[in-house]
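Given chain H's structure and the hints, the job is docking chain G onto it.
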Amino acid sequence: MRFKPLLTLFLIVSFAGPLFAADTIKIGDINSYKNLPAHTIPYRNGATLAIEKINASGGVLGKQLELISRDDQGKPAEAIKIAEDLFSREEVSLISGTLFSHIGIALGSYAAKNKKLYIAAEPLADALVWAKGNRYTFRLRPSTYMQAAMLAEEAAKKKDVKTWATIAPNYAYGKDAVSAFKNALKKLRPDVEFVGEQWPALFKINAGAETQALLQMKPQGIYNVTFGSDLAKFVREGTLRNLFKDRLVVGLLTGEPEYIDPLKDEAPEGWLVTGYPWYDIKDSTHQEFVASYRKKFNETPKIGSIVGYNTMMTIEALLKKAQSTDTEKMVEAMKGLDVNTPTGPVHYRAIDHQSTMGAYVGWTTVKNGTGIMVDWKYLDGKNYLPTDAEVRKLRPN
Amino acid sequence: MSIYAVQFLIGLSDASVLFLTASGLSIIFGVSRIVNFSHGSFYMLGAYIGYSLIGDSDNPLIFWGGLFLAAVVTGLVGVLVEIVLLRRLYHVPELFQLIATFGVILVIQDLTFMIWGAEDLLGPRAPGLTGSIELLGALVPSYDIALIVLSPLVLVGIWLLFYKTRWGALVRAATEDREMVAALGVNQNLLFTGVFFLGCFLAGLGGAAQLPKGGANLLMDFGIIAEVFVVVVVGGMGSIWGAYIAAIIISELNAFGILFLPESSLVMMFLAMAVILIARPWGLFGKSESMEHKPPSEREDLTISGRKLPWNWGWLLLIAVLLVIPWFQIDFVMTLVIEMVLLSFFAATLHFIMGPGGMVSFGHALFFGGGSYAVALFVNYLQLPMSVLLIAGPAVTMVFALLVGWFCVRLSGVYFAMLTLAFAQLAWSVVFQWDSVTGGDDGIIGVWPTGPAEDKIVFYYLVITLTSLSLYVIRRVISSPFGFALRACRDSSLRSRAIGIDVRKIQWIAFTISGFMAGLAGSLYVYSKGSIFPTEMAIPRSFDALIMLLLGGVQSPVGPIIGGSVYTFLIDYITRFDYWRLLLGIMIMLLIVLFPRGISGIFSSGIIQRIKLLGQSE
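Those protein sequence lines, which keep their order, are chains H and G. Okay, so the first sequence: first residue is 0 according to numbering that gives the first Met the number 0, each after it adds one. Okay, so the second sequence: first residue is 0 according to numbering that gives the first Met the number 0, each after it adds one.
Hints were generated in silico from the structure; no laboratory data involved. Ideal placement from N, C-alpha and C gives every residue a C-beta, glycine not left out. Hints may contain errors.
[Claimed, not checked] Reference excerpt, derived from the structure (chain G facing chain H, CB under 7 Å, subset only):
no.: 1; residue: 5
no.: 2; residue: 118
no.: 3; residue: 257
no.: 4; residue: 258
no.: 5; residue: 261
no.: 6; residue: 264
[Said to hold, decoys possible] Heads up, simulated SDA-like pairs for lysine to any residue below, C-alpha to C-alpha not over 25 Å straight-line:
no.: 7; chain 1: H; residue 1: 112; chain 2: G; residue 2: 382
no.: 8; chain 1: H; residue 1: 366; chain 2: G; residue 2: 118
no.: 9; chain 1: H; residue 1: 114; chain 2: G; residue 2: 450
no.: 10; chain 1: H; residue 1: 157; chain 2: H; residue 2: 215
no.: 11; chain 1: H; residue 1: 114; chain 2: G; residue 2: 118
The following block holds chain H by itself, in its conformation from the complex (with noise of 0.2 Å):
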């Protein structure tokens, strides 16, 4: 008797979302909107931007495209309980998203099993497409292999840098980061040492024992992961024990402005980072981007604004591409799509369905109170990716 009026609700609203199915064609996004705000808003941003701009062409497939948000509150379990949710009540054709790594694997594998086309944009994991890729998983952003060996291959070319340090925070992303770029640097400079490394734990750093550690051990270059509130705290013990000073140090996404925009004008100086300098890229897909989405949000974009931008820019694509919103079809679409993007082209590569976009990798310095990138370049992505026949050896089959 107790349970009538709660299982009488929960079964109206169990079956009231697809009463109101409409000819739209719905996508699944899931990201952790509460847990990292400052990373994810403007991925969402992004995304709603691109949405807004495909249906005011017409749309795909004669259908408008609705992108459906949902929060996954930083849980794996959460994400995957989001996905079974998406397909079967709000029936959408595919899910996109995520930011971290560990979730972007979850719904990897949820994908696979179930059958459905998920599109990570955002997790840098390489598991997620090599030891644990699979046929329904697609992803767009360079991965930390990828932008590590960006970095490695520009740290390479300073000769008298020999003996390096790295800081990273301690979980499974810093250590994928870490030994990326050792192992990238070592082929490169068989003569390069590593001295030592520190893991501070993720958001908890305490960046004036670790900054002393790492002067202990007096090395010439540091490769720094940390990211977040973390790099503010390391940047300024950093500088005031002198630490950066006469060092080549290396960060990995520090350029980024989700990173380095909250330092102002004590973002570190003569880093050499991979980051995304919106202000600076001539290309005119680019500026129109950047113009729309500086008029609607009123803020400047973020690696994520692109990102989520970029996902529905593929999304549009491959629906165009497969003329269909089934999962079988849409997958062998995927296999070597091309996309336009603001950023450059991008390839889904067949093998592995790792994109080809690149990422941008150039030097800080502070300008009217802000770290920005100069000296930088746009390395494209399929350069740092490793060969078919290592491809192989890495994905299960």
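Frame of chain H, contents of chain G only:
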């Protein structure tokens, strides 16, 4: 040698912020007995308010004045929370206060997000202290020195306030015996509000004082809360000196841990806490609980008796509904029901030690997540089939429960809760940082059911069957002589001992049974999700179970079922809204203030009684 000296100085300056924040929590607990889980939120508020007040100013007066004012404003927010919410809860069981403060965390989270936005804010530097000075051959930031000086000053200030003023004397008197102070005509409300102001003031001061070393961001509240609790518990709850010493111990442990064991930074802290609690259950400077005045708590007894098992038609209807659900063939509904059932099951295992046993555990996720991880690891490394693992998984957590329980049942009340929290956090940090075995935060994936249960409908029925059976067993145990002995231990351990009940043994057995059952729930859970991640073992998961019990009603036999179902359903529903944390936080607070006996309490007070009466008259 100098490297160690410099590292020691770093430890001291870190200890400073930690001490400021922790001392506030310790004071609040010492006087009001409220375990304020939202203390980290006040720390975060202090940082944000300080950031806004100080701005880009180069004036030292504005900087230091800003710090002070930020602390005052934070204190005033604390006063608001105390008057609106906590004041109504001094006479309800500790658990309710705890959950209420959990609601405060959620509300402050979303409000901060609304006011200050999502971006991390870099804190202002202290004017005049932006550089560093050379000390022992190394550069030491001058603000570090300022912090090292600040905390003893605050410590002395608090001591003077408590020991040299009339207000302080009254507060100490209230700490010793609340009722006596009230009987002497002291306005308790005013006293408690004052104490809460002081506690939040200190948290705000800690948050603002760390601005030059970091800044303000939305993860600060959960970031510091575990550490602050470790400090307070290690130092002895209510002891200011203890908090100071413990803050130094923990910070030095961190600072030197970074030099020698850079990869196990999280484990060290919780290991230290567990060791200290085992050796000195009331912390370094805490007083043993037997000397303290026990807070009045409302004890309603369970209504189950040996003969009247609640196999009434309400239960049968519920099971019938659950059995029919797969016919609708909607995957998501089944998924959601499985989750509701398993989390209710998990809540019921906690209820078993908490309701009849009176043992409030803050770390029950240890057994839930432990069961999941045991299964996932067995699948990953030994490829064992599901039929074996549904026994092996719970067996592993039973062994955990035997070990952890042996230490925990020596304590009671808040100290019991804190030790369970310490063990759970210890296990969590091992799982999180030992990534070569557990996959770290990438978790373990690909743990799907094997055998006939590969079919989702079969798995669904398996979950329903095993859960119903387990709940039936728990129910039988509660109404057995063992269950009665357990309740006797809860109500008076002295009298129980006098009539020959081995209190610790009874509680130990109950704890182990609960650990086994929670492990079973966790084992099924991992199969339902296909993967497991450290979040299933973290503090919020333990809290979920507590909130479910609260929602359902702690002393009601159907509490965990109602609470678990409603909560899972609610979370699934409201996370669609942008400000769902705010909404959930407000709902939790309202529920506690308006219906302290939970949902089942609402029913049993009115409707159910009437139904029972009707039944009898027929």
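Checking against the hints above, which ones are violated?
11
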